[in-house]
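J.: For reference, the chains in residue letters:
Number of protein chains: 2
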Amino acid sequence: MSSLSDKQIDLQLEDLAGWQRDGNGIIKSYKFNDFIEAISFMNQVAFHAEALEHHPEWHNTYNVVDVRLTTHDTGGITSLDIRLAKRMEHIIQPKHL
Amino acid sequence: MSSLSDKQIDLQLEDLAGWQRDGNGIIKSYKFNDFIEAISFMNQVAFHAEALEHHPEWHNTYNVVDVRLTTHDTGGITSLDIRLAKRMEHIIQPKHL
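Protein sequence lines, in the order shown, are assigned to chains A and B. Quick note on numbering: my numbering labels position 18 of the first sequence as 25, and the sequence is numbered without any gaps. Quick note on numbering: my numbering labels position 34 of the second sequence as 41, and the sequence is numbered without any gaps.
It should be emphasised that the hints constitute simulated quantities derived from the structure, not laboratory data. Hints should not be assumed to be uniformly reliable.
[Claimed, not checked] Only part of the chain B face toward chain A is listed, based on derived beta-carbon distances under 10 Å:
id : residue
1  : 17
2  : 22
3  : 63
4  : 100
5  : 101
[To be verified] Between beta-carbon pairs, the in silico distance windows are:
id : chain 1 : residue 1 : chain 2 : residue 2 : range
6  : A       : 79        : B       : 23        : 28 to 34 Å
7  : A       : 44        : B       : 79        : 44 to 50 Å
8  : B       : 15        : A       : 44        : 18 to 24 Å
[Stated by the list, open to error] Computed footprint of chain A on chain B, listed as stretches where at least three residues anywhere in the stretch have a Cβ under 8 Å from a Cβ of chain A:
id : segment
9  : 24 to 33
10 : 64 to 72
11 : 89 to 96
Virtual Cβ for every residue (Gly too), placed ideally from N, Cα, C.
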């Protein structure tokens, strides 16, 4: 597992609507209709995070979930971050994976 | 519903181990054994938050959940924040409520 290059990251982000680079991580702010939807999203993501053994840093306030993905082991962005981001998008809009 | 006074808040915090004042809110950092325990705690809290119609601001990184409670309607700390904090403590160590 090694960090992706800037070029690789930019290429991956093209397929990840709303995701952007934030230093050694990638971020997205998800907005839902209410708290139940937000926490339900987090739960669905949680199972994928466990399966990937890769976990998000995230903040929730009512209907908003701000996510940051980074790979501590490499200090950068790896394919694990991209995979988890894609699974989040799949949950929101089932087409990715 | 009105904000509690400083005295009232101090008094309530005496019964809430690990909770402290943070401006117009109260905060606590919960540490668990792993991610599953952390997200399970958040889920249990979520049902109480919905029941109280009062929701936390919280951040999760793996096994840590940092919580901040405040009441936006009054711009201060109200009995709702205290009730939600007590329910969180009850989840951790069933005795409060």
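J.: Please check whether residue 17(B) passes as an interface residue: C-beta within 10 Å of a C-beta belonging to chain A.
T.: Violated, because the Cβ-Cβ distance from residue 17(B) to chain A comes to roughly 26 Å (cut-off 10 Å).
J.: Have a go at the residue 100(B) hint: is there a Cβ in chain A nearer than 10 Å to its own Cβ?
T.: Nearest chain A Cβ about 23 Å off; hint violated.
J.: Can you tell me whether the CB distance of residue 79(A) to residue 23(B) sits inside 28 to 34 Å?
T.: holds, 32 Å
J.: Are there three or more residues in the segment 64 to 72 of chain B whose C-beta lies closer than 8 Å to some C-beta of chain A?
T.: holds (count 6)
J.: Given a hinted range of 18 to 24 Å, is it respected by the beta-carbon distance of residue 15(B) and residue 44(A)?
T.: violated, 34 Å
J.: Residue 101(B) was flagged as interface toward chain A. Is the shortest Cβ-Cβ separation under 10 Å?
T.: violated, 22 Å
J.: Check whether three or more residues of the segment 89 to 96 of chain B sit with their beta carbon closer than 8 Å to a beta carbon of chain A.
T.: violated (count 0)
J.: Hint says 44 to 50 Å; check whether the CB-CB distance for residue 44(A) and residue 79(B) agrees.
T.: violated, 19 Å
J.: Identify whether the interface hint at residue 22(B) stands, where standing means a beta carbon of chain A within less than 10 Å of its own.
T.: violated, 26 Å
J.: Classify the hint on residue 63(B) as holds or violated, based on whether any CB of chain A lies nearer than 10 Å to its CB.
T.: holds, 8 Å
J.: Do at least three Cβ atoms from the segment 24 to 33 of chain B come closer than 8 Å to Cβ atoms of chain A?
T.: violated (count 0)
The structure is inconsistent with the numbered hints 1, 2, 4, 5, 7, 8, 9, 11, although it conforms to all the rest.
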